[in-house]
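> Sequence:
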Amino acid sequence: MPEESVTTTHLRMVSRDQVRPKYLDNPAVEARAVEIANPSLNHFFFVEVGASFNWTSRLGWTYQDWERYLAPPETRTWVGSVSGSPFGYFELQSRPETTEIMFFGLLRAFRGCGLGGHLLSCAVEQAWALPGTSSVYVHTCTLDHPAALANYLARGFQVEREETEVEVLPDPEDPIWSSPEYYRSLRAGR
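First residue of the sequence shown? That's -7 in this note's numbering, and the numbers climb one at a time after it.
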């Protein structure tokens, strides 16, 4: 299996005053909380967004794993939509004093349209709105979208630390990536 050197950047915001939002002036763009936990929805976004970026950590999760993850009230999901069409999502998990943006991303068809800054602004706003939050944490890596780190920095996050490790990437011939054709197209960025 292929290996790649991957740098993970850990970022934190320690004051609400650090937030530099970038909202689109478009009433058709919104982010709404998912009020009823839906394992299929989170699985869908994880696979659809993550296939382009080698997100593999949850590929082996069963429906019950997703249910357990989403069950605590500290874990929340939001879906971004434009004119009613979902374009991305984020998951927040609140812990004592820190709220983490667990996963954040856009569906491929909506990348490069300015929606990432808008949705991340919503994520940060929602994280700070959770009771007891005194910092907001997120991490990204060199496998994520090339604009991810710049978006986090532009919204006010500060780099806490970086670490580089050699990671084994998914086998492109593994059926989850190579079959059906749809997943091959996601991996190829088409």
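The hints are simulated quantities; they were obtained by calculation from the structure and are not laboratory data. Check each hint, because a few of them may be wrong.
So the derived label-pair ranges between C-beta atoms look like this [claimed, not checked]:
{"#": "1", "residue 1": "12", "residue 2": "52", "range": "35 to 45 Å"}
{"#": "2", "residue 1": "51", "residue 2": "9", "range": "19 to 29 Å"}
{"#": "3", "residue 1": "104", "residue 2": "11", "range": "36 to 46 Å"}
{"#": "4", "residue 1": "7", "residue 2": "153", "range": "17 to 27 Å"}
{"#": "5", "residue 1": "152", "residue 2": "117", "range": "13 to 23 Å"}
All residues carry an ideal CB built from backbone N, CA and C; glycine is no exception.
> What are the numbers of the hints the structure violates, in ascending order?
2, 3
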